[in-house]
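Chains as they are written, first to last, in this note's numbering: chain A, 1 to 352; chain B, 1 to 288; chain C, 1 to 292.
Hints may contain errors.
Pulled from the structure, derived: some chain C residues nowhere near chain B, Cβ distances all over 10 Å [unchecked claim]:
#, residue
1, Glu59
2, Ala70
3, Asp120
4, Arg126
5, Lys134
6, Thr154
7, Lys157
8, Asn160
9, Gly188
10, Glu232
11, Asn246
12, Glu267
For the chain B half of the interface with chain C, some residues (derived, Cβ under 7 Å), not all of them [claimed, not checked]:
#, residue
13, Ile7
14, Ala9
15, Met270
Hint data in this document are derived by calculation from the structure and do not stem from the laboratory.
Where a beta carbon is used, it is the ideal one built from N, C-alpha and C, also for glycine.
What follows is each chain in one-letter form.
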Amino acid sequence: MDASVSTVQGGRSVLERSPLHRLPDRVLQWGLSALAAGVLVLIAYFFIRLIGQSSTAFGHVGFLNFFVRNNWDVSQLQDGAACATAGNAGCTFGAWALLLGTVITSAIALVIGVPVAIATALFVTELCPRRFRGALAILVDLLAAVPSVVYGLWGVFVLIPDLKGFQQFLADTFSFLPFVGGTVAGPSYFIAGLILAIMILPIVSAIAREVISTVPSEHKEAALALGATRWEMIRIAVLPYSRAGITGGAMLGLGRAIGETIAVVLVIGNSPKLGEQIFSQGYTLSAVIANEFGEAASTPVYRSALFAAGLVLFVLTLLVNIIARRYVVRSTAGKRMAADVVAPEAPAGAAA
Amino acid sequence: MTQLAPISARRRRTDVAMRGLLGAGTVLALVPLVLVIYYLFHKGLSAWSKDFFTTDPNGNFLGYPGGIRSAILGTIEIVALATLISVPIGIGVGLYLTEYGKESKFANVVRYFVDVMTGVPSIVFGLFVYIVLVLARTGGSTFAGWKGAVALSLLMLPIVVRSSEVVLLLVPGSLREAALALGAPRWRVVTRVVLPTSLSGLVTGALLAVARGAGETAPLLFTVAFAQTLTGNLNGSMNSLPIQIYNDIQSPRAEVVTRAWGAALTLVLMILLLNLIARAASRRSRLG
Amino acid sequence: MNPETDTKNKDATDVSSPDQPAGQPQQTAEPAQRAPSETKRAAHSVTVENLHAYYGGQESIKGMSIKFPANEVTALIGPSGSGKSTVVRCINRMHEEIPGARAEGKVMLDDLDVYDAKVDLTAVRRAIGMVFQKPNPFPTMSIFDNVAAGLRLTGTKSENLRETVHKALRGVGLWGEVKNRLNEPGIGLSGGQQQRLCIARTIAVEPEVILMDEPASALDPVSTLKIEELVEELKERYTIVIVTHNMQQAARIADTTAFMLDGELIEHGPTNKIFTTPEDERTERYVTGKFG
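Just chain A, with the same shape it has in the complex (with noise of 0.2 Å):
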């Protein structure tokens, strides 16, 4: 055989050269499989490790107790020897209150947050002239681009004090329906989820104006030529296909939302008693983490109770992604940065 001879054949030289030759190869795909790797084995003792620091206090009032007693009042927990003797409810550290906080900051911003980010999508992909498409598409994104600090700054000098009386206005305007009414006194519940709806609002536009641009030109235009308006076309073509996708962005929205503390702590009042009306006062599994931590510092039971808090928040948030993604299927050959494109429910065979 001619040792001259080397033909070169898809990378390879048909002559072998010396194995330390792939080593770059090998340490480089080790070392990146390891890195990958890495990032799982990071998330999974993180988790391990929020899980054991909350232990304590989950023992402390009870697994269960945590999420339906309504007693978070931390003064109770002076008296060491009076609170162990209390029985096993525990005599504070019931969340219920934050809980439902979360909840219902997250789904006022969502009532108010989703349907304007859908409004927003459709008009600027659909109804908008199309030289003013990519501006109003960043101005709408730089939303996402102000720190959350800084939307509470706003809340609490601008939006707080400009919206009392317009809060008030509602609270008495629509009193008979349930949780509205009474006095406002400024932070509540409502303005909380007002800032949580701005600051959803990119997310969901964003994945909605994805989602709304990938119905197929042919099922609007079967729209159009049998004589719809603009909008009866938006109405039975496009708004039909983008429901899974932008139920997912709006799932996305949402965790987002649960999961927001800055702002939240800055304009929701901090009270621990549960709010009577969304005008009222109200806390968070969130707000009372950044809140009390200070105080909590010194004392494990306290500090783990914080950490409970934490735990619930990230596995609420895990559970709503995880759901969203359900809806958003993330494309890898798109072209389009943090890209989410929704399944189409195909049925076999369609020619769709």
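Use these hints to put chains B and C onto chain A, whose structure you have.
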């Protein structure tokens, strides 16, 4: 004269009304943006002065409360460290996913969890680092600037991974094949072809992650002890813009609140600048 | 959906005398403003006068004039890029939906210019229906809902919908195949069935003219034949313009044929003549397969 069956007035009205509604919704969405920017300038500019940027916030109890020098520098230091940690690791994981893992089961699991990580609240990352690094007094200190950087890097990591993967996938397979066909080993293909081609996209992704990290408060709350003066010591307490603002909001003094507005304006402008540079970088990209 | 208790024509392809189940008078979908008789439809012709169509700065139809006679099938033939689809999309004003596209000239539906400023766009499209090249039933709607889609837009009540939907399905010869599964998704049908569904959807709103842009080009030969048979029947009630790149198809079903090249109308006349004794040399070269 032929008459076309006219569409009913009701349909016409509904069409106009709904289009108006959608337009109004869009305007509504932009109102907060306009208001926030307006108030930032309206209330924040008055705080700006030479002293504002050159003094620390440990001013007099009455009178000038001090500027935000330590906050700005602190943010720069902490975020820089977080970037140094998260960007290489993030690009590395992105490289793994596109060059080696591809569609394997393991790679898909990694992708799934990275995606899930983007949804984790920032406060939880703060708690993580608090438990693992602060309570454990790693490095001989409780709270420290570098621990805050670690918390921020956890936050930034999934953003970098996702954007890197998207950008790396845009490198045409034909380029890789051409390099391989010339006899280049895989690692050379990565370093000489894939990375340089996608560089500006990677930079864009990194800048966007930095912009996100620079604005976060919650992770720092549990990991970095607040210091008013310029310490420059990453292994000790440090100041940062978000924390400074957060504290100042709760002060009863009007001058301090004004300082908060000025600091907020500074922070937002920094973030906008980063976004602009990121956009410019992506426009110069040789891909997609 | 209960199947009609109509024993007369279960798989009726007889469209000229629509079925009238006992006790249910035919309801018109839109109030008034229509010719009084529904069974013998008035004849409508389309006349294009000096049409120019542009995509941005590029002129793709360069001053075309043609009359499409009432109740006849006119085929538009020509090589790719000759502008056949563009002309047709100008007739029902779908061309202007493309960003940057515009049209100038007149398109007369009988004696009404659809491009007249006072004319309502959606009314034009209601009167001039379109069947697309690729079947496009609404993916989230059932078979019934697909056919009813256009009717629902005008607020037709549900009781009245049933009649018209069934009639339309019979009219396209789909009734027998789908009468027991009207609630199933429209996209569950085969390609040929989907296209007939789309035609049913179009005729359900009772247009005056039907435009077809290569309606069978995405279908298999058997389905194509069914569509062609359908077109033959439909012309009794509608004026039909069909774009096709298949000359045999034109020869089979078209009364009149128009040959287009590079945005211009080269020749127009009875199909027989175009294919056997064309006047223009270019037409002759095209129909004998020398190019295109």
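Of the numbered hints stated previously, which ones are contradicted by the structure, given in increasing order? Hints 3, 4, 6, 14 and 15 contradicted; others consistent.
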